[in-house]
Structures are given as C-alpha cells and as structure tokens.
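Could you put the whole structure together from the sequences, leaning on the hints where they help?
Single-letter residue listing:
Number of protein chains: 4
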Amino acid sequence: ALLSSATPAQTSKDASSLRKTALITAVKTPYLPNGKFDLVAYDALLEAQISNGVGGVIVGGTTGEGHLMSWDEHIMLIAHTIHSFGDRLLVIGNTGSNSTSEALHATEQGFAIGMHAALQINPYYGKTSHAGLRAHFAAALAEGPAIVYNVPGRTGQDIPDDVVADLAAHPNFLGMKECTGNKRIAAYTSRGVNCWSGNDDEAHDARHGAGAAGVISVTSNLVPGLFNTLMNGPANPELAASLDELIKWLFCEPNPIALNTALMMCGLAQPVFRLPYVPLSRAQRERGAALLRPLQQHIPGCREVRVMEDSEFKLVGRY
Amino acid sequence: ALLSSATPAQTSKDASSLRKTALITAVKTPYLPNGKFDLVAYDALLEAQISNGVGGVIVGGTTGEGHLMSWDEHIMLIAHTIHSFGDRLLVIGNTGSNSTSEALHATEQGFAIGMHAALQINPYYGKTSHAGLRAHFAAALAEGPAIVYNVPGRTGQDIPDDVVADLAAHPNFLGMKECTGNKRIAAYTSRGVNCWSGNDDEAHDARHGAGAAGVISVTSNLVPGLFNTLMNGPANPELAASLDELIKWLFCEPNPIALNTALMMCGLAQPVFRLPYVPLSRAQRERGAALLRPLQQHIPGCREVRVMEDSEFKLVGRY
Amino acid sequence: ALLSSATPAQTSKDASSLRKTALITAVKTPYLPNGKFDLVAYDALLEAQISNGVGGVIVGGTTGEGHLMSWDEHIMLIAHTIHSFGDRLLVIGNTGSNSTSEALHATEQGFAIGMHAALQINPYYGKTSHAGLRAHFAAALAEGPAIVYNVPGRTGQDIPDDVVADLAAHPNFLGMKECTGNKRIAAYTSRGVNCWSGNDDEAHDARHGAGAAGVISVTSNLVPGLFNTLMNGPANPELAASLDELIKWLFCEPNPIALNTALMMCGLAQPVFRLPYVPLSRAQRERGAALLRPLQQHIPGCREVRVMEDSEFKLVGRY
Amino acid sequence: ALLSSATPAQTSKDASSLRKTALITAVKTPYLPNGKFDLVAYDALLEAQISNGVGGVIVGGTTGEGHLMSWDEHIMLIAHTIHSFGDRLLVIGNTGSNSTSEALHATEQGFAIGMHAALQINPYYGKTSHAGLRAHFAAALAEGPAIVYNVPGRTGQDIPDDVVADLAAHPNFLGMKECTGNKRIAAYTSRGVNCWSGNDDEAHDARHGAGAAGVISVTSNLVPGLFNTLMNGPANPELAASLDELIKWLFCEPNPIALNTALMMCGLAQPVFRLPYVPLSRAQRERGAALLRPLQQHIPGCREVRVMEDSEFKLVGRY
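One line per chain: the protein sequences are H, Y, C and S, in this order. For the first sequence, the numbering used here begins at 11 and goes up steadily by one. For the second sequence, the numbering used here begins at 11 and goes up steadily by one. For the third sequence, the numbering used here begins at 11 and goes up steadily by one. For the fourth sequence, the numbering used here begins at 11 and goes up steadily by one.
What the hints contain is simulated information worked out from the structure, not anything from laboratory work. Any given hint might turn out to be false.
Put simply, identical chains are the same to the list, so a pair is met inside one copy or across any two.
[Claimed, not checked] Derived SDA-like pairs (lysine to any residue); straight-line CA-CA distance at most 20 Å: (1) LYS258 to HIS140; (2) LYS324 to ALA145; (3) LYS46 to TYR329; (4) LYS46 to GLY219; (5) LYS324 to SER252; (6) LYS324 to HIS140; (7) LYS46 to ARG328; (8) LYS30 to HIS140; (9) LYS324 to VAL282; (10) LYS46 to GLU314; (11) LYS324 to ASP176; (12) LYS258 to SER139; (13) LYS46 to ALA251; (14) LYS46 to VAL326; (15) LYS30 to VAL315; (16) LYS46 to SER80; (17) LYS46 to TRP81; (18) LYS324 to SER111; (19) LYS324 to ASN44; (20) LYS324 to GLU112.
See below:
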C-alpha cells in the first residue's frame, strides 16, 4: 500500500477465479549443492504441475521452506514464478510473517511484482492477543487479496472462529487454508467462509463433503494428476483411499522432510537439504520407495524410484 | 566458527559462572514513536537490573521481541549491551532461529562482538525431525556457549528428553531454559542437566525444590529486587505467593503484551508497540494498575502507576 | 550463473535487437513523501516512454538513483518493470556495482526475474588494476547480456581501450555506454565495438556521425518523442541544436538533480528528493522553466510548467 | 540520532584527544579462503599496531575494503574492534556512504555500539550539488564526531573550500582527511581547520611543515613503528626519504592491491582477495619483495618475505 502500486484489481486474475481454484500446490523449492535455488529443477516442477491440472502454487510456503529463505531470495522466487508461469497458473506468494513489519514489506513487494495473491499466517512463535491478530491481519489484508492460513500445530496459536468471521468480511479475503479438520471447515463453509483444506488426508472429503473449494496440497508435488482428479473430478473415495498410505508416509516427519526425500529419490530434485531439515532414515526411505513405485507413472518426470544412501545427501547449514 | 574469531574461552566470563547465574532477565526492548529502539530507556532498564541484583540478560528474546527485529538491529543491540554493560552482567544474545543458516550467522556475529553466551531455540513453525534437531543444535553449539530453550507452546514442538541428554554432553551446553514444568526440571537436574525455569510462577519452586539454577524471568523486568531475593536468597514461599496474582496478570495475554503495557503505565517505556503486539484492554490495564501499585517501591524508577487511555498508545506496523 | 537459471537466450529479446536499440532512457525513479517508490508515477512515465518511441529503459541507473536503493528495492523495481512493461520495451537492470559480489548477486537475480540485459559499471570509488577490471567484468558478463558503462567523471577510473577490446569479444557483450566523447566512440565503432553515447549533447552526432547505435539518455525522460526523432529519424542537426540549452541546463548540477527538478515542475513526479540530492536553486528553476515551457507539448502528460518554491520540496534522509 | 542513544560525549575519548592523534592506520581487512573475515589475523594486526605506537584505526576504510562489505559485516567488524581494542586505541568506523540514508543508518549504529568517531565521505559516483554536499554532511555530522574525507581521485568530486569552512564550524567536526596535497592542507590549517594527510608520501611534510595533525596511513599497516617515529617524533626527512620507494610501490596500482599483496608475502594475511581486487603481477611482487626485505625487522610478525606464485592466491567473487 505504501508503494502506491497498481491495485490488485489490475491483475489478470480476478478474485472469484482465485476463490474457486480447487487444486493449489505448496510447491517444493529445490536446491543446488551450494544451497542456492535450483531454478532449472524448479521450472521443471512447475511445468509438470501446469500440465497435470494444478491451478495455483504457493511459493515459499512451509513446504517450499520460505522460513529458510532471506526475503530477497523469497521475493526473487515469486517474481521468477510470475515471470515464467504467471499467465498459466495462479501464483500465491507466502509473504506472511510473524513480524507484521516483514509481512507488510514482503506483501507490498509481492503485489508490486505481480503476484496474484498472498498467503498470510498468524504470528507464530511470538503469538499475540486476539486484538493483535485482528490488527495484524487488517494490515496484511489491506495490501491485497490473501488466503489466511491456520495451522496451530506449527504456530502455537489457533485463529479463533470470531476472528475468522471478521476477516471473512474483508473484500481482500479469499478464504482460509484450514488445518484443524473438516468439521470446522464444514462449519465455516456453511456460513459462507471459503476454505481450502490444509490436510491432504482429508482433502477429498473436504472438497466433496465439507464444502471446501479444494486443497492446498503437499502430495500434489508428486502426483498432481491424481490430485487433479480428486479435486476437479467427481467424488472418488476409492482413489482417495488408495493414497492414504502415501500421504501418511509424507507426514511421518514434519513436512517437507518426506516430500524432499521423495522428490530426490524420484530424481526430480538434487539431494540437497537446507538445515534444519535432513533426509528420512534408511528404513523410512525404503518404506517410501515401496509406496512410490506403484505410482511411478503418475509422478511426472520420474524415471526411477531409487532408495538413496546417506552419503548421497548434502546438508547445507550456510547458504 | 567460520569467522575464525576469538574462542569463547577468551571471554571474561567462564562457563561455570554462567551456569550458576540464578537470575537472568529476558529484558524488554523499548521503542521510540518511530518504532526504532529507545536506547536511553533501554539503558535505564539495564542500570536498574544491575543495581537490583540481576546477573544476566537475554537480549532480543521473545520478551525482547527479537522476532520483530531485523538481524542488523538485533546484533547492534547485543553489541550495544556488551559495550555498555558487559563488564557488569552476563549478556546472552538470542541468536537462535528456526533457520539454521540464520542462527549460525547471528551466533557467529554475536560471539565476534563479545556476547557471553547464546540462547538457542529449536526450529519453531518449520519444525524438523529428531535427527534434524540434533543437526541444528550441533551446528549452533559449535559456535560457542549456549542455553537451549524449550517452549513447545510457542514452537509447536517439544525437544525430547533423549535429544536434551545428548546436547547436555556438549562442552558448550550451559543448560536448558525449560518451560514445561518443574517435574521435568527435577528429572533433568537429577541427571546433572543444568536448568533454568522459563515460568515465573514456578521459579521459586524450581530454584528451591527442583534443583534449577534459577530463572530466566519476565517479571524481573518490573521487580528485579524481589526476584533477586527469591532466587539468590533462601526459600521464601510467602514472597513467591505474594507475586502470584501479578505473574498471572503478566501472562493474561501472550507475553510481552502485559509486560509492555505495565512498563508503559509505570513510565519506564514510551507507549509504543511494534505490531502484532497491541496494548491490553482498558479493563486489563485497570486490573494491572491495581496489582502494580502496591509494589511500586520495588519497581525501580517508577514514580507513578497510571492507567493509560487507548489514545495514548502508538502502534507501529512499519519501522 | 550460480542459480542455474534459464539462460538469457530463453528471453524473448535476442541480443541483436538489443544491440540496435537506438533510444534507451535512463529512467527517473519517482518517490512518495515517505521516500518509497511512487509506482503510480513510475508507471505513467513508462507508458509515456513507450508511446513516444523509446525502445528500452535502464532501471535504477545513476539517473534512476540505483545507488540510493537497497538491493531488495532495486530488484523489486526491475521485476515490476519487467512484469508491467517487459513485453513492450527492453528492460535493462543496472545491476552493476563496485563490489563484484554485489554485482554478481544482483545480476543473477535480475536475469532470474526476466530482465533483458544488465548495465555493468567498473568498480567506482574502490577502483582496481587492469587485471582486476578484467576479472570483474569477466565474472559479470558470464551472468548474461550486458552493456558496459564507462563514465570516468563519476568512477574516478577510465576503462582503457585494450580492456574494452577484450570485453567486446565476449558473446554477452552488447556494447559500451561511453561518456568520454564521440572521437572515442568513432574509434570503437570503426573496430566493430557497439556503442551508445552517454552524453545527450553529443547524441545526435554520435548516432549520425560516429557510428553509435544510439544514446542512453537522460533528456528523453522529458522529451521522448523528440529524442526518438533524433535517434530513429534521419540526421537533424537543427533539432539537435534546438535542444542544446535545455541539455546544458539538465547538467548544470550533477545529474539527476535538474531532471528531478524538471519533472517535479512539470507535475510528473512528487516533489520528493532522496538525499544527497536536493532541488536546483530558485534561479536555476526559473531558468529551467523558461526552457521547458516552449517544449511543453513534447513533454508527455505535462499540463503546466511551474516554478516551485523551496518550501514545496521534501528532502528525505531516511527511507 | 534517531536511536536516541548515548551522546558521543559519553564515550571515553574526548574530541580533543581525537583531533591530536598523529598516527591513524587505515587497517587492512584479512580474509579466510571462504571470503569471510579472518578475525584471528585481524586481531594480530591490531595488536601489532597498538604495540608500535599507532593511536587509531579506520575500520572498513577504502584500504579495509568497506565498499566490499555488507553493512552487517561492517558494523560487526566495528563492534568487534571496539570490544577487543577500544580501550587501547581510537576506533573510527568508516560509516560514510554515497547514500545519505545508508550513511545515517550505519553511523547511528556505529555510535550505538561505541565507536569513537566516524569517517564521512562525500557522495562518490552519484555526486551532488554543493547544496547537496552541505545537506549530506549536516545530516552525517549530527550523528557524532567525524573526520571528513576528501579524495577526488576516487569520488569524482572535490569538496570545495567553502563547504569545508562551513563543516569546520560544526562541533562534531574533527578534521579533514585531505588527499589533494600539502599546499591545501597548509591553507586549511592556517585557518584553524584540523587536517590529516591522506597521502603517505607527503605525510612527513604535512605533519612537520603544513600543520597537519598527522596522517591516516596505508603504509603503517606494514611499518607502524617507523610511521610512529615520523609522526610522533621530530622532523626526520631522511627517514621519510628512505620510505619513498616503498610508498611508491604501495600505490603502483589502486590501493589496497599492493598492501594486500605485501601483507600476504609477509605471512600476515592469508592469500585471499575479494574481487575486484587481484594480486600484483609477478614482476610487481618481485619488486615489492626487494623493497620489503630490508625493512623486515620493522614489519611486526614478519618472519620472511616471500615472492608468491599466482597459483597461491585465491580470488573470491561471492562471499
């Protein structure tokens, strides 16, 4: 807002199309051995997402490890994504922060460079009062269209229903990314509050039972086409059930540890971790390979699923 | 470590004196109306801490709102504190982060400018596996002496006992700042793991019953002398009980909201909040004033406790 | 290069079209009263440039005050320009620096977000040996297509002919922005080294006599159509001569002081200066108004040329 | 000033002692092979400076390559120097910049962490009007005691006499570091304007003939004791003459190229250059070794002067 930039209405995507996007991927950020972004691998992931029906991406979300980026890296990645793919899918920058000042600065920059919407989190770790939540989100939503993200298992603080009700009245509110379950999503949607499920294991039921617009997904990094079927096709509980074990495995450690490991075993990302993330154990990797192999034809670009050795992974502490 | 700087052993404070410091204050950071640091007010707070028996401070902790600082502000504040007060009390920089890269950079800089120890948090919000916790802390502890901070209510992830046991074997481990209660502290101290309580309401019992070295306190910003008596004097359950209501009020909203409000009502900090923090409500402020007034002679520099009006507070979203 | 991004060949503009662009404007950066970018005013300037025949812009050049921007502001402005105008004109980011490290980081980011070419300066102020110049430019040119900028009156060090001859052999070399005069430009172009004049008062002769591809202009911020005629039309010494007094005035103080003042007096930018720039004196402003008024119909968007008062200007030291 | 910090008068050094310090070294910054600071080597250089009579240092000057540092590195190095050596010599931070905003931010931080004085440059490269020079220095001097640095061969713009006369009236003005020769210095000192010579080859005559307070020296990195004799002893033109050839060699390429090479050949710094600096050529190194060997006993810590091979030097472009 301070930059007095183009208003969000001047973007090519209108808010109603944003609100209806059923499949949004929280896209993984791949790295080079020096710890910098591997944009070649990133671009390949994005192409695969688009050609398999994904409608939008979160750039630098928790899955994309935005919390391990400097802001200048983060904004650059959003600008790169807009420049290369912005005419073909929705680009949602995770420009939220537990610091209101950082959230405003990043969100303002994100809209100035053309992102279609922001993902706004409540102040994790620092937390605040309900009055503070309202003040934080009021400032952030004033910058442009936003999805509000509730994930108390990470933030240490739930965004309560009455705060959500107030946020939902803001013209820039696009909906909740809600991780506390379908019962709450159903309650929200029954009151007209747009929602995406933040839990892949509940996404099918959220979409086909609880009134959710769709999902913001981790699993769709791997099997975008199957999630497209789940979200944009009719109810298909058999397909959903068939993915249960994979999804369980993808969350056997805090995300994106398993997703990272999986993409590396599939040859889709170089085996590089930014600390504090490290690969799954050998046993977990074997279990993952067994789950991934039957789905290999649904993993775009995957020519082989290989159980990697510890020595193949590079952990980067400074980048 | 990359800077190849003076080793921590060259600091004037040895680790054993650090380990025994009973009263450490997580000091508040006061602001000017433009949102920048008010170093005049800060220096007055530090002088009051020193002259009332406080042995150390955490600079830019959660109470000091390190998560709302840019790193260059944060390192500058640590350097300022070392320069002005480092010969009179222990200066512990909160140079931890949920990003290992940021933690290493900040911790390295902190030791290069003379801080006596670091406070290291586990990766909040992003979280990681137990193997990731070990890797994160191994890298951070290699930089110099550190207190490890466990506060699952903020981080969304407990540091488990077996990880703590391993960390405690590191020569740079000074102890835990533990917020999960005195039962756990007692279990740790019985096994030789040094601890500070992170809960003011349990600090007396932690120190005099559970074997804790002392407390890392919020309340001691206000009543340092009383907390000095509690921590460095003999067991005094009456004194502890007399502070119960005040402590309960100080945590009626996520810290440091009430502490900030209290220091402003006492005239010790300008009425400026960095968002997402906002003042307590009028009713909460009245309740606080009623609790603070009887203690006024124990609040250094406080000439009056005044219930302030909403219009007197300035909220700063960009700074 | 470290980012392993899309190669510059993947951009929509090929190097040969870049080399032939006759009129490139070193575009002014307008500010809001708080010292941040005024993107609404900026976008209007860019639209006027495009509709009056300008083929490219330097973003954050010396005229655009790149040296008064933080890198995150600077990269954001390049990304914004690419996003909003990149399909209609060449966007050249001034991602050079006297620090090789900063130049590489910024240039790499600039290409990742889609800029068409970089402007690379030799290390001003710090200076270096000829071997150092070669090393600096070799690293910078490896990142992507670049114009090399020689302006010894600012840098304190001329880029010598033999260094230029070597740089000209690099496939990413697009040409020199040369400020030392047409005799040197003629010598370069006779040897096949592409050049733009960096001096508006010599631009016509550079283009029509000395073999230059065109000009990188300051004056074209004000009168883009006239400079389009000068550069893309046939030789027109009368038109060139008619602009002599205006150009002399535009450089009566170090650029962009007069340009800034002129755009403000024309109502095209808010009267805000980032220090160390300050407005021209009252007498200089009067002289400028007298020169600008006869050209008013050639200044896009200018409805009035007004001699402003000292009190109308805002000087911003912190932003 | 915005930080509302301790006033400079509260520092341990008063302005009159600063003004009389005859020998100030623009100290070299040594690097590790990864391009980060080598603080162990730095501390050894500082110890040698102190024990050989040097009274002050410029941290991160042009010699110390402040223009190749990020601000957080730069401020950290000033803080480190203050912390480790601030009670034994004057620490002058080169917190000037061609961006007024950066100069104010860095200078404010420098004083907050205890530096004794700042070095303030006029806006190089960007340049400005005389009115702009006054505005820039007025803002910078308001932050605390400063030496003003005039080096038109680097900045592209001389600070004119009438501007200097005005600056000299400011209570925080400590003197000029003047590089335009002893005639000008004599003219300044005759009018009561304190000066240091910025040219080692003229330093003796500046001090003993032109009324200068002393020198801000490059050569004293190598032979601090000899420069102490030159500056703090009686006139000694024979000693001065004996150093002529060495000084000429030290400036055979833009400083600090030769100084860096010399310290590496003396074993006092690791052979690491931050680009755009590169080592002297083999022939220049041989010439330097021949000049350094006879002075070896005056070079603290030097056990051997060795002509190094090209392959021994590491050039770092990203750090």
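Hints versus structure:
Within a single copy, LYS258 and HIS140 get their C-alpha atoms only as close as 33 Å, which misses the 20 Å cut-off; across copies the closest is 18 Å, which meets it. For the homomeric pair LYS324 and ALA145, the shortest alpha-carbon distance between copies (13 Å) is at most 20 Å, but the shortest distance inside one copy (42 Å) is not. Within a single copy, LYS46 and TYR329 get their C-alpha atoms as close as 6 Å, and across copies as close as 13 Å, so both meet the 20 Å cut-off. Taking the shortest Cα distances, LYS46 and GLY219 never come within 20 Å of each other, neither inside one copy (41 Å) nor across copies (47 Å).
With identical chains, the CA atoms of LYS324 and SER252 are never at most 20 Å apart, being 33 Å at best within one copy and 55 Å at best between copies. In this assembly of identical chains, LYS324 and HIS140 lie within 20 Å of each other by CA distance solely across copies; the values are 18 Å between and 42 Å within a copy. Taking identical chains as interchangeable, the C-alpha atoms of LYS46 and ARG328 lie at most 20 Å apart whether they share a chain (10 Å) or sit on different chains (12 Å). Within a single copy, LYS30 and HIS140 get their C-alpha atoms no closer than 29 Å, and across copies no closer than 38 Å, so neither meets the 20 Å cut-off.
In the homo-oligomer, the alpha carbons of LYS324 and VAL282 lie at most 20 Å apart inside one protomer (5 Å), although the nearest pairing across protomers, at 26 Å, exceeds that limit. Taking identical chains as interchangeable, the C-alpha atoms of LYS46 and GLU314 are never at most 20 Å apart, the minima being 25 Å within one chain and 41 Å between chains. With identical chains, the CA atoms of LYS324 and ASP176 are never at most 20 Å apart, being 46 Å at best within one copy and 23 Å at best between copies. Taking the shortest alpha-carbon separations for LYS258 and SER139, only the inter-copy value of 15 Å comes in at or below 20 Å, while the best intra-copy value is 34 Å.
Within a single copy, LYS46 and ALA251 get their C-alpha atoms no closer than 37 Å, and across copies no closer than 52 Å, so neither meets the 20 Å cut-off. Taking identical chains as interchangeable, the C-alpha atoms of LYS46 and VAL326 lie at most 20 Å apart whether they share a chain (10 Å) or sit on different chains (17 Å). In this homomeric assembly, LYS30 and VAL315 never come within 20 Å of each other (Cα to Cα): the closest approach is 34 Å inside a single copy and 50 Å across copies. Taking the shortest alpha-carbon separations for LYS46 and SER80, both the intra-copy value of 11 Å and the inter-copy value of 19 Å come in at or below 20 Å.
With identical chains, the CA atoms of LYS46 and TRP81 are at most 20 Å apart both within one copy (13 Å) and between copies (18 Å). Taking the shortest alpha-carbon separations for LYS324 and SER111, only the inter-copy value of 15 Å comes in at or below 20 Å, while the best intra-copy value is 34 Å. For the identical chains of this complex, LYS324 and ASN44 are neighbours both inside a copy (9 Å) and across copies (18 Å), given an alpha-carbon limit of 20 Å. In this assembly of identical chains, LYS324 and GLU112 lie within 20 Å of each other by CA distance solely across copies; the values are 18 Å between and 30 Å within a copy.
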